[in-house]
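Chains as they are written, first to last, in this note's numbering: chain A, 1 to 117; chain B, 1 to 241.
Read the hints as simulated data drawn from the structure, not as lab findings.
Just so it is clear, the structure is predicted and the values come from calculations on it, not from any experiment.
Be a bit skeptical, because a hint or two may be false.
Stated by the list, open to error - Distance windows between CB atoms, simulated:
1. A:Leu108 - B:Ile53: 37 to 43 Å
2. A:Leu3 - B:Asn241: 28 to 34 Å
3. B:Leu22 - A:Leu3: 30 to 36 Å
To be verified - Computed list of lysine-lysine pairs in DSSO-like fashion (alpha-carbon distance at most 30 Å, straight line):
4. A:Lys44 - B:Lys99
5. B:Lys68 - A:Lys45
6. B:Lys186 - B:Lys238
7. A:Lys21 - B:Lys131
8. B:Lys131 - B:Lys238
9. B:Lys186 - A:Lys81
10. A:Lys81 - B:Lys238
11. A:Lys107 - B:Lys68
12. B:Lys99 - A:Lys107
13. A:Lys81 - A:Lys44
14. B:Lys99 - B:Lys186
15. B:Lys238 - B:Lys40
16. B:Lys238 - A:Lys21
17. B:Lys99 - A:Lys81
18. A:Lys81 - A:Lys107
Glycine residues also receive a C-beta, built at the ideal position from the N, C-alpha and C atoms.
The primary structure of each chain is shown beneath.
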Amino acid sequence: MMLSGLIQILFFQSLGELISKLPLPSLPRPVIGLVLLLCWLMIKKEINPSLALVSEALSQYLGLLFVPAAVGVVLFLPQLKDNVFPIICGLIGSVVLTIGGSALALKLFNQGEASND
Amino acid sequence: MIKPHSIVEIWVYLSGSPLIALFISLVAYQIGLWAYQKTKHNPLVNPVAIAVILVATFIELIDMPYDKYFQGAQFIHFLLGSATVALAIPIYRGIGSLKNRVIPLMGALFIGGAISIASGVGISTLLGADKSIIGAFYSKSVTAPIAMGIAERMGTSPTLTAIFAVCTGILGAILAPYVLNLLRIKPWWQRGFPIGVASHGIGASRAFSINAEAGTYASLAMGLHGITGSIAIPLIYKLFN
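Isolated chain B (complex conformation) (with noise of 0.2 Å):
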C-alpha cells in the first residue's frame, strides 16, 4: 500500500530535487517574454531583468538559498558555453556587412572599447567604488555570455558583470537615440554600429526595431567587441591590477 504523503513531505522533495529552480527560471523568463511583446518591446521592460527580480524574490521567500537554486538551474547555465559557440553563426552572417568599411569600423571599434572601459572604471574608481565592484565594469560593454567568460578569466564576479552588462544594455538601448542625435550621425550604419559596440545584444535589438541596417551593424559590432574584448580586456584588467 502506497502511504499518502502530506504537503510538507512532498515539498521537500520538490525543493530536493533540481526541478524547482529549473521551473521558476523559466516561469519568470516567461513572464518576463510575455512583459516584454506586451509593451511593445519597451528597453525597460528587459526581460532578463525581470526574471532575475522574480526568481531573487521567489528563493527569499520561500528561504531557498542561492547556492541550492544554482545546483538545479546549473542546467541551464550549462548551455551558456554553447550558446556562446553558436553566436558564431550570426557573425559570420554579419561579416559580410563589414565590405569595404573594415577600417572605420574597426577603428571605432577599438576606440569605443578603450572608452568603455577607460569611462567605466575611471568614474566608479574616482566615485570610490569597491574593488570587486569596479572589477565588474571592465567587460560590462561585451555581449553577457561572452562578458562572463571574460570575468571568470579574470578572476572578477561574473554574476556582478553580467548584472552590469544588463543594465548597461537598457541604458544604452533608452539613452543611444538622443547621443547620436545629438552629435548629428545620420547614415542607419554609423547610428547602429556604435550602439552595438556600447550595449551588444539589448541595443542591438533595439536598433533592429528601429531600422533594419542600424541593426545589422549593432551586432555586427557585438560580435566583433565579443571576440577583441575576450583578447585585450584581460591584458588590460593585468596591465592595472
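Next comes chain A alone, as it looks inside the complex (with noise of 0.2 Å):
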C-alpha cells in the first residue's frame, strides 16, 4: 500500500531533478519536486491515501533524516566557540523581531482588509 505512494514522492522528486537542470531560478531540487507535486494535488484536488501515509511517515521522523548533515557542527566547533556572541544576539534578536514583526503586519493588513467590507 505504501509503495505507490513512494513512487509517487520519488516521481516528482526524479522530475525536479531533471527540471533542475534546465536554466530556470536556482530553485533547490527537493523544492521543485515539492511545487510540481503541489499543483498536481490541485488540479486532482484529492490525496489518495497511499501518498497520504507515505508524507505522515516521513514527517514524521523529519527531524531525524538531518541528524546525519548536523553532526556536522563536529566540525564547526571553534568556529562557534569564536563567534558565539553574535550568534546568540543574532538568533534571538531576529527570532523575536521575525515574530513581533509579522504579528504587527498580519494586524494591520487584516484590519486593512476589513474596513474595505
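Given two chains presented individually in distinct reference frames, assemble the corresponding complex, making use of the accompanying hints.
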C-alpha cells in the first residue's frame, strides 16, 4: 500500500532533478519536486491514501533525517566558539523581531482588509 | 572450520560498515523522542538537538571522523529530499485555511521573511561574525530540510544552516507566547501564523500543542515560507554578496 505513494514521491523528486538541469531560477531540487506535486494535487483536488500514508511516515521522522548533516557541527565547533556572542544575539534578536514584525503586519493588513468590506 | 574472531576484528568490521552510523543515529533520535515525550513536549528538550549531541559525543569518543560517520548515515540523509517533496501534502491541506485571508497572510509572510533575514544577518554582521556564520543566517527561519537545500544552492554551509534553523525553532517556540502577549495579539490564527513564519516546524508543533487553529496557521506559514524562501533567499543573498 505504501509502495505506490513512495513511487509518486520519487517520481516528482526525479522530475524536480530533471527540471533543475534547465537554466531556471536556482531553486533547491527537492523544492521543485514539492511545487510540482503541490500543483498536481491542486489539479486532482484529492490526496490518494497511499501518498498520504508515505507523507505521514516521512514527516513523522523528519527530524531524524537532518541529524546526519547536523552532526557535521563537530567540524565547526572552534568557529562557533569564536562567534558565540554574535550567534546568540543574532538568533534571539532575529526570532523575536520576526515574530513581532509578522504579527503586527498581519494585524495591520487584516484591519485594512476588514475596513474595505 | 571458522576461525573465531577477536573482539578487535569485529570492531574493525563494524566500524567500517554503514551499520554503526545508521544504528547510532536511530538510537540517538529514539532517545531524543523519548525524552521529548517524557517532558510533555517541552521545546527545550528537542529530539534533533539531543540526537545531534549524542551522536557527536559518541563519534568523538570512538574517534570516528565525521566523514566516515556521514558515509554510513547518508542513507538517512538521502531521504531528506523525498521528505521535502512530501511536504507538498501538508501544504496542500493547509491552503484551504488561506480562504479570504490571502492578502494579510501573504503580506505578513513577506514582511516576516524580510525581517528574519535583515535582523539575523544585520545583528551578526554588526557584532563581527565570520562570513560563513553570517551566510547561515539567511535561511534559518525556513524549515530545516528546505533551508539546507537553499544553503547548498547558495554555497553556504548546510550544516550551520541546519543548526541555526533548529536553534531558531526552539527559541521561537519558547519566546513566541511572550512576544505575542506583549503585542496583545488575540485571535488564534494571528498568533499561529507568525510562529510558523519565524520558527517553522518546531514552532508549529508548539503552536499545535496550545491550539489547533494556531497550529494549522503556523504550519501553513512554514510551508509558504519554504516555497517563497527558496525563490527569494538566493536572490537576496546574491544581491549582498
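Hint-by-hint comparison with the structure:
1. A:Leu108 - B:Ile53: 37 to 43 Å: holds (41 Å)
2. A:Leu3 - B:Asn241: 28 to 34 Å: violated (44 Å)
3. B:Leu22 - A:Leu3: 30 to 36 Å: violated (22 Å)
4. A:Lys44 - B:Lys99: Judged against 30 Å, a Cα distance of about 19 Å means the pair holds.
5. B:Lys68 - A:Lys45: Violated. B:Lys68 to A:Lys45 sits at ~45 Å, over the 30 Å cutoff.
6. B:Lys186 - B:Lys238: Not satisfied, since the Cα-Cα distance of roughly 38 Å exceeds 30 Å.
7. A:Lys21 - B:Lys131: holds (29 Å)
8. B:Lys131 - B:Lys238: Holds, at about 14 Å.
9. B:Lys186 - A:Lys81: violated (40 Å)
10. A:Lys81 - B:Lys238: holds (27 Å)
11. A:Lys107 - B:Lys68: violated (50 Å)
12. B:Lys99 - A:Lys107: With Cα atoms ~17 Å apart, B:Lys99 and A:Lys107 stay inside 30 Å; holds.
13. A:Lys81 - A:Lys44: violated (51 Å)
14. B:Lys99 - B:Lys186: Answer holds: B:Lys99 to B:Lys186 is near 20 Å, not above 30 Å.
15. B:Lys238 - B:Lys40: violated (42 Å)
16. B:Lys238 - A:Lys21: holds (20 Å)
17. B:Lys99 - A:Lys81: violated (46 Å)
18. A:Lys81 - A:Lys107: violated (39 Å)
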